[in-house]
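Chains as they are written, first to last, in our numbering: chain C, 1 to 268; chain V, 1 to 155.
Heads up, a few of these hints could be off.
With a straight-line Cα cutoff of 30 Å, these simulated DSBU-like cross-link-like pairs (lysine-lysine) come out [to be verified]: (1) V/LYS59 x V/LYS130; (2) V/LYS37 x V/LYS94; (3) C/LYS84 x V/LYS53; (4) V/LYS37 x C/LYS84; (5) V/LYS139 x V/LYS59; (6) V/LYS130 x V/LYS53.
Just so you know, these hints were derived from the structure itself, not from any lab.
Only a predicted model underlies this, so the values are computations on that prediction, with no experimental measurement involved.
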Amino acid sequence: MPLSALADGVRRIGAGTVHAIARAGFATRFFVAVIMHSPAAFRRLQLTAREIYFSGVLSLVVIMVSGLFVGMVLGLQGYDVLNKYGAGDSLGIFVGLSLVRELGPVVAGLLFASRAGSAVTAEIGLMKTTEQLSAMEMMAVDPLARIVAPRFWGGVISMPLLAALFSVMGVFGAYIVGVRLIGVDNGTFWGNMQAGIEFWPDITNGIVKSIVFGIAVSLIAVFEGYDAKPTAEGVSAATTRTVVGGSLAILALDFILTVFMFRGLGNG
Amino acid sequence: MNRSTIDLWVGIFVTIGLGAIVFLALKVGNLTSLDTKPAYRLEAHFDNIGGLKLRAPVKAAGVIVGRVESVRLDPKSYEAVVTLRIDEGYQFSKDTIASILTSGLLGEVYIGLEAGGDPQNLADGGRVGKTQSAIVIEKLISQFLFDKAAGGGAK
């Protein structure tokens with residue numbers, strides 16, 4: 001009896017592993033298939049433009065307002081700590097570097113996963129549930145080219161732009177708090193920022209990060225939607241997986257990218 | 001939502017997104033630095049470069065005239081060889097002195113160039129003959145303490 005219970009436990013681990021590997025394999029093949037069908041998304045640019053509208057334009061408000069507030073909080077807290085060491089003048093570079101390197105891409109990515117990624121997953125999942133995808137296949141329209149690829153590219157194109165906007169709004173928020181309210185000198189704020197932040201590698205690395213996050217979140221969103229169980233529960237579970245998986249993927253990728261990008265920068 | 005409205009909004013979105021990247025490049029970073037201008041290279045040998053980093057500024061009379069492009073160790077003389085990228089608009093005489101300086105006590109390390117009186121100028125790839133190494137504060141302090149101790153003993 002205990003032996004069979006043990007065997008059951010081991011069997012469950014095995015089944016879980018096989019399932020995870022199978023899903024990873026399916027996701028990889030799916031990714032390749034989406035890339036293969038991408039020319040269709042660019043040939044019919046109207047479809048992709050529509051998805052940029054839904055993923056990007058409609059996320060503008062949440063991204064810009066969050067960026068503004070994150071920047072204002074950074075300005076307040078950063079000044080508080082820096083001023084203890086008499087370095088309140090370094091507020092500009094502190095805020096600029098944290099936003100451009102980390103917070104811009106990461107927080108914009110997290111917001112993007114929950115605002116746009118979940119919507120894409122729910123939409124594709126519901127299409128699958130209501131058999132619209134099968135209907136398309138019956139009409140010899142490839143749903144990968146017609147539905148999935150435009151949504152994927154809409155997300156990939158929107159994400160870097162949203163991250164850049166987030167950083168700009170953050171810098172603006174810090175400017176309002178630091179310069180307008182606290183009274184850091186205007187010239188010092190911008191001068192320190194420009195002296196300490198290089199276009200290459202700081203800003204370009206931030207952009208590379210946001211592109212990678214865009215690819216990751218968009219792929220997870222379309223994959224979870226396409227792979228969802230065709231039931232109401234299945235769609236809701238897939239939406240949750242998009243948000244949780246997308247957020248975790250962003251944070252993990254951020255760590256990996258940071259290790260490769262900024263390791264050893266300081267010691268030349 | 002019809003097609004032209006979507007196109008309009010996507011156009012606005014992409015424009016302000018690209019505008020944000022340009023803003024980051026120009027206003028937050030300093031893309032307008034000397035890198036894009038034509039430049040020439042000078043070499044300087046130092047005994048000790050202290051905390052000098054790549055892309056550190058090269059200043060003459062406090063004005064930034066270039067950047068540190070590379071730092072390597074000469075395997076024979078064990079001297080640090082620093083390559084400076086100097087803006088072509090600035091020429092320096094052959095007896096220029098290059099010294100490694102620090103702005104403030106804890107500020108950034110930079111290279112200061114002091115032009116001499118030689119009528120001939122350094123050419124591309126030329127070597128700055130006279131250099132002054134970085135002042136290592138630990139050495140300075142230990143020297144000071146040593147002098148103090150020696151002075152106290154003689155009394």
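Requested in this report: Would you check the hint for C/LYS84 and V/LYS53, treating anything up to 30 Å between C-alpha atoms as holding?
Outcome: Holds - the C-alpha atoms of V/LYS53 and C/LYS84 are around 27 Å apart, at most 30 Å.
Query raised in the report: Keeping to a limit of 30 Å between CA atoms, is the pair of V/LYS130 and V/LYS53 held or broken?
Result: Measuring from Cα to Cα gives roughly 20 Å; hence the hint holds.
Query - Restraint status (C-alpha distance of V/LYS139 to V/LYS59 at most 30 Å) - result: 25 Å, holds
Query raised in the report: Taken at face value, is the distance from the CA of V/LYS94 to the CA of V/LYS37 at most 30 Å?
Result: Holds, at about 23 Å.
Query raised in the report: If you draw a straight line from the CA of V/LYS59 to the CA of V/LYS130, is it 30 Å or shorter?
Result: 16 Å, holds
Query raised in the report: Can the restraint linking V/LYS37 and C/LYS84 be considered satisfied, given a maximum Cα separation of 30 Å?
Result: 40 Å, violated
Checked against the numbered hints above, the structure violates only hint 4.
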